[in-house]
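Turn these sequences into a full structure, and let the hints steer you where they fit.
In the order they appear, the protein sequences are chains A and B. Under my numbering, residues 1 to 201 are what the first sequence spells out, in order. Under my numbering, residues 1001 to 1253 are what the second sequence spells out, in order.
Treat the hints as calculated values from the structure; they're not laboratory data. Note that the coordinates shown come from a computational prediction; the quantities given were computed from them, not determined experimentally. All residues carry an ideal CB built from backbone N, CA and C; glycine is no exception. Mixed in with the good hints there might be a few duds.
Claimed, not checked - Below 30 Å or equal to it, Euclidean Cα-Cα: the simulated BS3-like pairs (lysine-lysine) are:
1) K1014/B with K113/A
2) K1144/B with K1133/B
3) K172/A with K33/A
4) K1091/B with K50/A
5) K1133/B with K113/A
6) K191/A with K71/A
7) K1244/B with K191/A
Said to hold, decoys possible - Partial pick of chain B residues on the chain A-facing surface, computed with a CB cut under 7 Å:
8) L1002
9) T1003
10) R1005
11) D1045
12) A1070
13) K1071
14) I1075
15) G1096
16) A1105
17) N1109
18) L1164
19) G1165
20) G1167
21) T1196
22) R1250
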Amino acid sequence: MIAIIDYGVGNLMNVYNSLKRLDMDAVITGDKKVIDNSSAIILPGVGAFKDAMDHLVDHDLVETVKNNASKGKYLLGICLGMQLLFERSYEDGNWEGLGLLKGEVVRFGQGLKVPHMGWNELHINKPHPLINEIKDGEYVYFVHSYHLDPKYFDDVLLYTDYGVKVPAVVCKDNVMGMQFHPEKSSTTGIKLLQNFKELIK
Amino acid sequence: MLTKRIIPCLDVDKGRVVKGKKFQGIKDVADPVELGKFYSDQCADELVFYDITASHEDRDIFIHIVEDVAKNINIPFTIGGGIRSVEDFRKVLLAGADKVSVNSAAVVNPPLIKQAALRFGSQCVVLSIDAKKNNKGSWDVYVKGGRENTGIDAIEWAKEGQRLGAGEICINSIDTDGVKQGFDIKLNEALSSLLTIPVIASGGAGNMQHFSDVLKCGADAALAASVFHYKEIAISDLKEFLHKENLPVRRCL
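Below is the structure:
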């Protein structure tokens, strides 16, 4: 059973629906016990970084997520959920994240339309089972105003170009993240979720 | 490279798509989910479902459609029509919409943009503007389906919308809408150069060159309805055409 973490941020049904379509057993939950007993965790998220962190704190889920990750359980952050995995974000301030991965979340540079919204090309940085059968140049749907500046670019599996190399899929051991929305990214998004399914078997 | 988006717009009344001819390989063209899927398979980048239902009771049907679309289609979609309050935003977002488009209600109550952006994020707030050229060489904002001139300058209103937190501007040109002689290039050019958020051009698509023209002048996306619904242009063909025009697009491979 995959636990999609419900911490009061946005609509989680779209992620849930796309897992269901892949015959994945999933539950939307904020219950620590259910999360502890899950086979893998998905941390979704839309909106502002600070709000999302505040919600995780209010729901008393920060330690739950960290503990599960440190035990080696697969954890996938999606969109803002990916950004939360990192150390810090400068979105309207300076906020601490979960710190499971090394890096900071920063604003896009001048001269670009923000949000970075729409379909952009994926480029392969490092092969990994999570990105099996994804070809260089496939498109996924992004929508975000801040991007990850990773400490180790080696943690980046796929990236896209938008002014800078924008990390699109990151992975370090059992902790992974996708900056775009796989559940909204047509066949490429489905392939990535399918890979995640294989990985956590 | 970030691609230019092609967005078909589907008008929905009492649960059915209003326009639409016979399509090969699709059973029920009036079914929003079927038609949405058809476009998604053709490589449409996003979909817009516009609720033109007049009565209040029928709004519930529309919410079910939003849920159905979310369950069955995995590209982003926007909901518009009859959005008046933060609560209206919440309802359609919870039903699975990715973005919500607001038009007249934002003109009457501009703080709505800010409230929705703060609550749900700018990325889901689309400010839709109906604009018509005046005799001073600028454009006025119209409301009530294009019937009432507010006297507000369209470009100023777009800038204000951006300041209040809209994540995108959809600009519908009343002059070009339905005429099929091309998008309003000047208006889209002006907005694209002045705004830092994406601009969706709407109104006037008649042939594939029209899409190329408006996307080359700076618009980030182009929206159309009848040329797609009446099968005058297949989205997959349009993508190939735009690619040959050296525009970055997501092609159906």
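Status of the hints after comparison with the structure:
no.: 1; hint: K1014/B with K113/A; result: 37 Å, violated
no.: 2; hint: K1144/B with K1133/B; result: 17 Å, holds
no.: 3; hint: K172/A with K33/A; result: 25 Å, holds
no.: 4; hint: K1091/B with K50/A; result: 24 Å, holds
no.: 5; hint: K1133/B with K113/A; result: 26 Å, holds
no.: 6; hint: K191/A with K71/A; result: 27 Å, holds
no.: 7; hint: K1244/B with K191/A; result: 28 Å, holds
no.: 8; hint: L1002; result: 5 Å, holds
no.: 9; hint: T1003; result: 5 Å, holds
no.: 10; hint: R1005; result: 5 Å, holds
no.: 11; hint: D1045; result: 6 Å, holds
no.: 12; hint: A1070; result: 6 Å, holds
no.: 13; hint: K1071; result: 5 Å, holds
no.: 14; hint: I1075; result: 6 Å, holds
no.: 15; hint: G1096; result: 6 Å, holds
no.: 16; hint: A1105; result: 21 Å, violated
no.: 17; hint: N1109; result: 22 Å, violated
no.: 18; hint: L1164; result: 15 Å, violated
no.: 19; hint: G1165; result: 11 Å, violated
no.: 20; hint: G1167; result: 6 Å, holds
no.: 21; hint: T1196; result: 6 Å, holds
no.: 22; hint: R1250; result: 4 Å, holds
Hints 1, 16, 17, 18 and 19 from the earlier list are contradicted by this structure; the remaining hints agree with it.
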